[in-house]
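From first to last, the protein sequence lines stand for chains A and B. Take the position in the first sequence, starting the count at 1, then add 3; the result is the number in this note's numbering. Take the position in the second sequence, starting the count at 1, then add 271; the result is the number in this note's numbering.
Read the hints as simulated data drawn from the structure, not as lab findings. Be aware that a few hints might be false.
Only some residues are given here: those of chain B computed to face chain A with a beta carbon under 7 Å [said to hold, decoys possible]: (1) M287; (2) I290; (3) R292; (4) Q293; (5) G308; (6) T309; (7) T360; (8) G423.
Glycine included, each C-beta is placed from N, C-alpha and C at the ideal position.
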Amino acid sequence: MFAYEKRLQYPVKIKKTDPTAARLIISQYGGPDGELSASMRYLAQRYSMPVKKVGGLLTDIGVEELNHMEIICAMVYQLTRDLSEEDVKAAGFDAYYIDHTKALYPQAAAGVPFTALELQSKGDPFADLYEDLAAEQKARTVYDNLLRVIDDPDVRAPLKFLRAREIVHFQRFGEALEVTKERFEHSNFYFINPSFDHASKESRV
Amino acid sequence: MMTDQSMDPASHPLAMMSIPRQEWCEPYEWSTALEEGTIFPNLNLTFFKAPQGVPAKPPCSDTSDPGQKSREEALSRLTEISFALNDLTLYLDTHPACEHGLFLYHNLMEERLALLADYAKKYYPLTQASMITGNCNPQCYGWGDGPAPWEGACV
Numbered sequence: 004m005f006a007y008e009k010r011l012q013y014p015v016k017i018k019k020t021d022p023t024a025a026r027l028i029i030s031q032y033g034g035p036d037g038e039l040s041a042s043m044r045y046l047a048q049r050y051s052m053p054v055k056k057v058g059g060l061l062t063d064i065g066v067e068e069l070n071h072m073e074i075i076c077a078m079v080y081q082l083t084r085d086l087s088e089e090d091v092k093a094a095g096f097d098a099y100y101i102d103h104t105k106a107l108y109p110q111a112a113a114g115v116p117f118t119a120l121e122l123q124s125k126g127d128p129f130a131d132l133y134e135d136l137a138a139e140q141k142a143r144t145v146y147d148n149l150l151r152v153i154d155d156p157d158v159r160a161p162l163k164f165l166r167a168r169e170i171v172h173f174q175r176f177g178e179a180l181e182v183t184k185e186r187f188e189h190s191n192f193y194f195i196n197p198s199f200d201h202a203s204k205e206s207r208v
Numbered sequence: 272m273m274t275d276q277s278m279d280p281a282s283h284p285l286a287m288m289s290i291p292r293q294e295w296c297e298p299y300e301w302s303t304a305l306e307e308g309t310i311f312p313n314l315n316l317t318f319f320k321a322p323q324g325v326p327a328k329p330p331c332s333d334t335s336d337p338g339q340k341s342r343e344e345a346l347s348r349l350t351e352i353s354f355a356l357n358d359l360t361l362y363l364d365t366h367p368a369c370e371h372g373l374f375l376y377h378n379l380m381e382e383r384l385a386l387l388a389d390y391a392k393k394y395y396p397l398t399q400a401s402m403i404t405g406n407c408n409p410q411c412y413g414w415g416d417g418p419a420p421w422e423g424a425c426v
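For reference, chain B alone in the conformation it holds in the complex (with noise of 0.2 Å):
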């Protein structure tokens, strides 16, 4: 019979589980990314049901107002970047050595940082940090503007 020598008992020891650490890859586009739930493609494993790349796009609104077209796609960019963000905190958790993902999670946190207070200042604040660094009126709090995140809207 032929040993599998990755299975040697040595380094895998009995009654016990092994998991092969995951090497780093190019991650996708960060709206990709949203979508397929991973910005890591050898981390999506898709189920026959819902195939990669479907469905298309996260829903959105078929809107033909600029105004409300600029701050939907404001909202999808912010919750591109953040999302990369997540999944690049808990790839960084298990791999703090990583210089890629080091590298990128600076330059994301950068872009996330300006978007929040962009916003902010355009529209409304999504972090109470974001009425500081958004220049948001002193003279009103803003904290309860903008819609409810579970009403689906973007006013």
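Isolated chain A (complex conformation) (with noise of 0.2 Å):
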């Protein structure tokens, strides 16, 4: 179960309006890449991978993720808190101002509203870490580009905390699948499907 402790895992403080940075930003919240698709990825996968440590770590990663989440929505909150009426046309703001105020809404950077297609559960091992492995470099790519484009120092230190996560979780699941692969057939990785095949009570511990 998952249970709430009231404060960011990083702390965001931003003092200046910018609904541009917002609209961008937003992408980490309900985009292709995001850290909600993240989330979603891995507490999904995490019943049935075979080697109970790799679920102990998608939770563990899955739960990281949510809390991501948490940043980028209290990044994208405080940089429209104080917009005005000017604010909202000047700055590109105005198509997502119509359908959500300045409401949280789950979207990507053009529009495209969260969708579960974003991400697979394959029940496969290795599907699905090689899965997790390009979310994590697809997430960095995406906070590699917001680095390039927003120069606010407020900004960008979340950001740049986010992106080093997504180094880290990427070596933790190449790590998971090692472990994956000692557990298995050297010789032929591809025999069997692990989780469907392997599903015996004595393979789950």
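From the two separate chains plus the hints, produce the assembled complex.
Here it is as structure tokens:
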């Protein structure tokens, strides 16, 4: 179960209103490589992971992604909380404003709403771990792109933090892949699907 | 042609990726770790547009009120220690027998629990358990006290 702690994993204190930055950063809330899709991906995949330790890692990273989603939302909120009517018109925030005013809504930078089509839970440990490794790389690229175009140090500090987490998670999923490889047939990892063909009680411990 | 022994197909089968296991390294100071996004210097692979040490500090208010300042310092310390634990947890998930990691985990967790209790006692509870460990007044329901975390305040 999850329990709430009333603080952010990384502090967000943004002084300057900037709807343009908000419109870009919101992609890490509801976009294709965002924190919401990361969390849902890992928390969905853990049930069918044949190695218990890997299911544990997916749980811990899946929960950390929820913390990151909250950081992103706090950034979007603080960038737009003092928005005036003039700001709305000037900064290309008008389309979002029409549908959501200043509320938080999970969507990509280009306006596409969050969709589960952006993630996969395949039920094969190798297919799923490669998906997770790729997801961390794609999210890192989004943070690289945001760090190229955003100058405000109050906004850059949490973006830099979140980017670094993608690399740490990539390393951990790589180690999870190694742990999984150790458990199965080395001459041909693809001979069976260990999540399905080995789904006996003893393989789950 | 030279053969790279480390990529010998006997130990690294075809059509399967390999990634080296991270070795333990001396962690950063906890404030630097939070700033950089990892406690491990050997995993801090920066981007040229956001080099190490820049921006220098997580944003905090420039208050002159000493009460506010001590609240902010307490929350900063708790954030640093808790983040070190988050990063260490993922490390231990894949290195459960690492003595350095286990030792640090127990020390950091003790400090975190003490900081949570202290914060609840002096200001407001951040977790429901700290309403008890911080000896909060049982006549008051304190869970709603304090600012919402997304407000960016610490009042």
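Taking the hints in turn, this is what the structure says about them:
no.: 1; hint: M287; result: holds, 6 Å
no.: 2; hint: I290; result: holds, 3 Å
no.: 3; hint: R292; result: holds, 6 Å
no.: 4; hint: Q293; result: holds, 6 Å
no.: 5; hint: G308; result: holds, 3 Å
no.: 6; hint: T309; result: holds, 5 Å
no.: 7; hint: T360; result: holds, 6 Å
no.: 8; hint: G423; result: holds, 4 Å
Going down the numbered hints, you'll see the structure goes against none, and every one checks out.
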